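Enquirer: Next come the chains, spelled out residue by residue.
Protein chains: 2
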Amino acid sequence: MKHHRYRDVESSYEHYKNVLAEAVAIQSVSADPGRRNETIRMVHWMKDYLTKFGVESKLVDLGDQLLEGNQVPLPPVLFGTLGHDKSKKTLLVYGHLDVQPAEKSDGWNTEPFVLTEKDGKLFGRGSSDDKGPVLCWAHAIEMMQKHKVDIPVNIKFCFEAMEESGSVGLEELLTKEKDGFLQDVDFCCISDSYWLGTTKPCLTFGLRGICSFQVEVTGIAQDLHSGVYGGVVHEPLADLFWVMSQLTDVNGNILVPGIYDDVAPMTDEERKSYETIDFDVTEFRDSVGAKRLPIEDKNKLLQRRWREPSLAVHGVEGAFYGKGEKTVIPSKVIGKFSIRIVPNMKPEKVNSLVISYLNDVWKKRGSPNTFNPQPGHGALPWVANVQDPNFQAGARAMKHVHNVEPDLIREGCSIPITLTFQDLTGKNVLLLPLGASDDMAHSQNEKNNKRNYVEGVKTLLAYILELKHA
Amino acid sequence: MKHHRYRDVESSYEHYKNVLAEAVAIQSVSADPGRRNETIRMVHWMKDYLTKFGVESKLVDLGDQLLEGNQVPLPPVLFGTLGHDKSKKTLLVYGHLDVQPAEKSDGWNTEPFVLTEKDGKLFGRGSSDDKGPVLCWAHAIEMMQKHKVDIPVNIKFCFEAMEESGSVGLEELLTKEKDGFLQDVDFCCISDSYWLGTTKPCLTFGLRGICSFQVEVTGIAQDLHSGVYGGVVHEPLADLFWVMSQLTDVNGNILVPGIYDDVAPMTDEERKSYETIDFDVTEFRDSVGAKRLPIEDKNKLLQRRWREPSLAVHGVEGAFYGKGEKTVIPSKVIGKFSIRIVPNMKPEKVNSLVISYLNDVWKKRGSPNTFNPQPGHGALPWVANVQDPNFQAGARAMKHVHNVEPDLIREGCSIPITLTFQDLTGKNVLLLPLGASDDMAHSQNEKNNKRNYVEGVKTLLAYILELKHA
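Protein sequence lines correspond, in order, to chains H and C. One rule links them: number in the working numbering = place in the first sequence (from 1) + 20. One rule links them: number in the working numbering = place in the second sequence (from 1) + 20.
So that you can see chain H by itself, here it is in the shape it has in the complex (with noise of 0.2 angstroms):
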């Protein structure tokens, strides 16, 4: 019977695709206010597919946003139910529908927007993040009401379309919402997280937070020609170059005094834990494409990316980015970087810390030019209890789907609204990644693998159905 359900998940394979490319097609670029309004048509999108599988939703205001001088309207957040069986538990799942920015001129070798099967990969922005793991949820449903399975839970879905933008006003609805959407949840599960590999799976139980920050350097007051004004104006694209260079050292370690001292000591367990994770350092390597990491022992690489803090230089706004030659000293420009922070670090004291160190830093410059530097959106890191039922639920259904136990891992990136849907329902949230590590979320050229893209639904019907015994 299980077989049989599998099989026609397996047979269902164009029918998902044409469903994720028509998802795909929808611009839902957070980030940029020029596509808000594809970003919102997106979340109606989604609402209408889940009414075809009897999903009751409404979508809630959050009203508007400033973004770049303007007032734009915040995507609205859509709450699903399917479900009402007072003798059921209920089953909260998050999602999102918004997507990373992406440009064909980026160097994707397919059109971003436009789904694109090549040797069994679906290229795509969204195709993994997250708008596959989404559309997923939709076809596990929709094969057990096909196969007229009892579904042993209730459903709640959350699907927001602000994720990459810093999910702008969830936590404040969310928080309305403990003692109403969100109160008889007993269980929480988020597929928005990805393999440590490509070949096995694995469940999450730990995230790094972040702290992002933007330092704006001006005192000119608009774009000058280099020749008429090289070398007698304080050019604050060199100033800027000087502060974001005293960030780290060249093997990454953060020069900011104390950031380091709220890592949490590692016990002897957790530090046991690392030695059978399946992870080899040489593919990692290569599949990044480097000569040589920071780190290369295979444990002490892990621990670096789960939990140790990170610091990562983005890029510079109001300098001339294009190709070719453009000699100008642009007046005002702005250096992006973030830090990825780890228990028991706390953004508050990290932003504290981080401001002050670049107050310092610019002091020691000594340079007549403005500097205001800037903390953004901060998230908490998070760790979970695997012994919790939903995580063993879900660990079975991988066992299931891919014959083998799935590792336990953490991952670097953040989720901020794991910590807040644990929080608020005071529930286990399981991080059910369906990806493969080299899905390229973020990046160009971001795809899904057919295989996960199938194996995935696969799962979660089979984690659906672990809950009964939770």
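Wrong hints could be hidden among the right ones.
Because identical chains cannot be distinguished in the list, a pair is counted as satisfied if it fits within a single copy or across any two copies.
[Claimed, not checked] As a list, the in silico DMTMM-like pairs of lysine to aspartate or glutamate whose alpha-carbon atoms are at most 25 angstroms apart:
#1 LYS78 - GLU368
#2 LYS108 - GLU162
#3 LYS383 - GLU316
#4 LYS343 - GLU131
#5 LYS168 - ASP306
#6 LYS311 - ASP380
#7 LYS343 - GLU123
#8 LYS124 - GLU303
#9 LYS488 - ASP81
#10 LYS343 - GLU368
#11 LYS292 - GLU236
#12 LYS343 - GLU295
#13 LYS198 - ASP427
#14 LYS311 - GLU123
#15 LYS311 - GLU236
Treat the hints as calculated values from the structure; they're not laboratory data. Here the structure is a predicted model, which means the values were calculated and not measured.
The hints should help you fit chain C onto chain H, whose structure is shown.
Expert: Chain C alone, transformed into the frame defined by chain H:
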């Protein structure tokens, strides 16, 4: 008679403005391969416009250029001739029809390619650099013909459309035309620079050269998610920030060893000449919008602008440049900077000193990433003899129109073609600036004052007539 013509120039302003608006509307951004057709169209437009005044023009094909991996056609060069009278001397006029990149979103108050008049100013990309001055020549000729004034010289025009992108192909063409189009030239004149201030006219007898550079750092196969990969790869952008921070000190002194060795020593006569120049440091500082300048002594400041090298950093290609946050680790980044050079510096030596310094700095960094610094286009500095009859004719023309002797100044910027004309014709090249110092060439909100545009026509008219006595 003279004043009658000048009044007619003044009353022709609306006509001049309409012609300039047509030229500005053609988006001849030579750096942008996507607007290469517009750049070519601009040359054709100019040819057609000059035909109205009896100028015989030919467009010289320069072949293709490899740009961003594609073969794109170079814009042709316009060679025009007005008059073939063997008894007259011949003036060669140079100008350029291409413009710097401009987008409204860069911070323009008006559409950059829509000429917009406000408070006596004509805003638009190219209004001052260099479409406005180029059209002043056409307007001056039109006015002389209207008033049946004998034009005392044959005039040749050399208008190109690659000036903002290194004048690719022009020097080679002109070298071939040494004994052809350039054979019988007696005077050269270029209107592509600016007054030292906003009220007093000047003639320019010196220019800095330029050496531009691109520094590429790569080492990971593609952009990576900073959550997943943060801390476990060597970030190319962090390396680049560090390298770019090693180019200058906070006051703009260049850190490349040996870079100042070939700067021509200052003679006593030269030192004295600075005493009489009309230049207000406070007004300059305020116009720039700076709180403090690296040098605030008038003479020392002018010396740094005109006779000392300077290094400007322009931007980064390949990193996040948008507003908001994008938590990505960019895989390949290219830093852009340029050095303005002065007598007796040579581009080849500067390139060699800079690349060697960059490689030393890179070794010190100790990163496993791949480092590739490259010199871009280079141009020699230039200084002219101001006692030449051509300069004296220019000075008399300035005095006719403005009732004041023009200052004799140098410029910080580069017009490499100046030296080419001097070398190939063996004649004096006059730089006759028509625009004000605050015209913001290469910046947001480039403009040409109504006054400067109108008096530019008068000045060129007077200059052409003065060449009778030169």
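Enquirer: For every hint, state whether the structure bears it out.
Expert: Consistency of the hints with the structure:
1. LYS78 - GLU368: Answer is neither: 34 angstroms inside a copy and 68 angstroms across each miss the 25 angstroms cutoff.
2. LYS108 - GLU162: Close inside one copy (19 angstroms), not across copies (90 angstroms); limit 25 angstroms.
3. LYS383 - GLU316: Result: close only across copies, 21 angstroms inter versus 37 angstroms intra.
4. LYS343 - GLU131: both (20 angstroms within a copy, 22 angstroms between copies)
5. LYS168 - ASP306: For LYS168 and ASP306, the Cα distance exceeds 25 angstroms both inside one copy (46 angstroms) and across copies (77 angstroms).
6. LYS311 - ASP380: between (35 angstroms within a copy, 20 angstroms between copies)
7. LYS343 - GLU123: both (15 angstroms within a copy, 15 angstroms between copies)
8. LYS124 - GLU303: neither (28 angstroms within a copy, 46 angstroms between copies)
9. LYS488 - ASP81: Neither way: LYS488 and ASP81 sit 34 angstroms apart in one copy and 77 angstroms across, limit 25 angstroms.
10. LYS343 - GLU368: Classified as between; 23 angstroms across copies, 39 angstroms inside a copy.
11. LYS292 - GLU236: Neither way: LYS292 and GLU236 sit 44 angstroms apart in one copy and 42 angstroms across, limit 25 angstroms.
12. LYS343 - GLU295: neither (47 angstroms within a copy, 42 angstroms between copies)
13. LYS198 - ASP427: neither (32 angstroms within a copy, 76 angstroms between copies)
14. LYS311 - GLU123: Close neither inside one copy (28 angstroms) nor across copies (39 angstroms); limit 25 angstroms.
15. LYS311 - GLU236: For LYS311 and GLU236, the Cα distance is within 25 angstroms only across copies (16 angstroms; inside one copy 33 angstroms).
The structure fails hints 1, 5, 8, 9, 11, 12, 13 and 14 (numbered hints given earlier, in ascending order).
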